[in-house]
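Enquirer: So the sequences go chain by chain: V and Z. Residue numbering for the first sequence follows the working numbering, starting at 145 and increasing by one per position. Residue numbering for the second sequence follows the working numbering, starting at 145 and increasing by one per position.
Quick caveat, the hints were computed from the structure, so don't treat them as lab data. One or more hints might be untrue.
Pairs involving identical chains hold if they fit within one copy or between any two copies, as the list cannot separate such chains.
[As the list claims (entries may be wrong)] Think about it this way: if two alpha-carbon atoms lie no more than 30 Å apart in a straight line, the pair counts; the simulated DSSO-like pairs of lysine-lysine are:
#1 K165 / K241
#2 K165 / K247
#3 K185 / K259
#4 K277 / K153
#5 K277 / K165
#6 K185 / K277
#7 K189 / K226
#8 K226 / K247
There are 2 protein chains.
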Amino acid sequence: MISNGAVYKHEFSFSQEEVNKFAEVTGDKNPVHLDAEYASKTMFKRPIMHGMLSASLFSKVFGTLFPGEGTIYLKQTLNFLKPMYVDTTYIAEFTVKEVIAGKHRAVVETLIKDKASSLVCTSGEALVLNTNKI
Amino acid sequence: MISNGAVYKHEFSFSQEEVNKFAEVTGDKNPVHLDAEYASKTMFKRPIMHGMLSASLFSKVFGTLFPGEGTIYLKQTLNFLKPMYVDTTYIAEFTVKEVIAGKHRAVVETLIKDKASSLVCTSGEALVLNTNKI
Numbered sequence: 145m146i147s148n149g150a151v152y153k154h155e156f157s158f159s160q161e162e163v164n165k166f167a168e169v170t171g172d173k174n175p176v177h178l179d180a181e182y183a184s185k186t187m188f189k190r191p192i193m194h195g196m197l198s199a200s201l202f203s204k205v206f207g208t209l210f211p212g213e214g215t216i217y218l219k220q221t222l223n224f225l226k227p228m229y230v231d232t233t234y235i236a237e238f239t240v241k242e243v244i245a246g247k248h249r250a251v252v253e254t255l256i257k258d259k260a261s262s263l264v265c266t267s268g269e270a271l272v273l274n275t276n277k278i
Numbered sequence: 145m146i147s148n149g150a151v152y153k154h155e156f157s158f159s160q161e162e163v164n165k166f167a168e169v170t171g172d173k174n175p176v177h178l179d180a181e182y183a184s185k186t187m188f189k190r191p192i193m194h195g196m197l198s199a200s201l202f203s204k205v206f207g208t209l210f211p212g213e214g215t216i217y218l219k220q221t222l223n224f225l226k227p228m229y230v231d232t233t234y235i236a237e238f239t240v241k242e243v244i245a246g247k248h249r250a251v252v253e254t255l256i257k258d259k260a261s262s263l264v265c266t267s268g269e270a271l272v273l274n275t276n277k278i
C-alpha cells in the first residue's frame, strides 16, 4: 500500500547503444539523439536522450516497483526542463501527493534529477490506478 | 512553418516483437504488456501496449515530420483513455492550437485514435520549440 507523502527513488542511466535501440523501436530518429556531429552544432553540443525514454522510467517504476504489479497508468504530465545525456546517472524520484483510496488511485509527483548536481531535468505528475496496492 | 489550426496525421501500428523490444530497452517489463496468459486474467484480456510507446509517436512526429528537424520537446500531457493493442492500426493526430511566433513555440493538441473506430485512446497537449520552422 502506498500512503500520502511516501517517496520512492530509482537510479538509472542509459548508454548511447540503448538510445539507438529506443530510436529504432519508436521510429524517433531525430539526429539530435543519434548523431554526435549533428548534435555538436546544436545548443546541446552532444547527443541528448529522448525525453520519452526518460519518461518511460516513470512507467517502469509504476508498473514493476512502486506500487508495482497491477498498476494501470491513467495520466502523466511531462516538463522537459533540461537536456539529459547518455552515460550519466539520474534519479527518478516519486512523491505521493494524494491517495484517492476509494478509487484505488494516487496522484504522484514525478521528477528526474541529475544525480551529481541534484538539478531537476524532467518534472511532472502522474495519476495511477492499482486495485490491490492503493 | 506551421500555422494555427494546421492538422497533421500519422498512421502507425506496433507488433508484439516491437513491444517486447521497448520493454527491453526501457526496463518496463510489466507483464500486462508481455505475457498473454497474465493479460488474459486482467480487464484487458490480452497484452496492451505501453502508453509511453504510443506517446513516443508524438516525439517521433515532432522531431522528424511535423514540424520536423530541429524541434525541441518542452512539454507533453498524456491521458491514457483506452488500452492500445499490438497489430492494430492507430492514427496520431496533431492540431496546432496556438503559435507563439515570437518565441518559436507552438501548443499542439495530440491525439491517438483507433483507425477502425475513430475512438480516442490517448489525448494530450504538447509545447514544442523550433527556431527555423515555428
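Enquirer: All hints, please: hold or fail.
Expert: Each hint, compared with the structure:
no.	hint	in the structure
1	K165 / K241	neither (34 Å within a copy, 32 Å between copies)
2	K165 / K247	neither (37 Å within a copy, 33 Å between copies)
3	K185 / K259	within (26 Å within a copy, 39 Å between copies)
4	K277 / K153	within (18 Å within a copy, 38 Å between copies)
5	K277 / K165	between (33 Å within a copy, 28 Å between copies)
6	K185 / K277	between (48 Å within a copy, 17 Å between copies)
7	K189 / K226	within (13 Å within a copy, 39 Å between copies)
8	K226 / K247	between (34 Å within a copy, 18 Å between copies)
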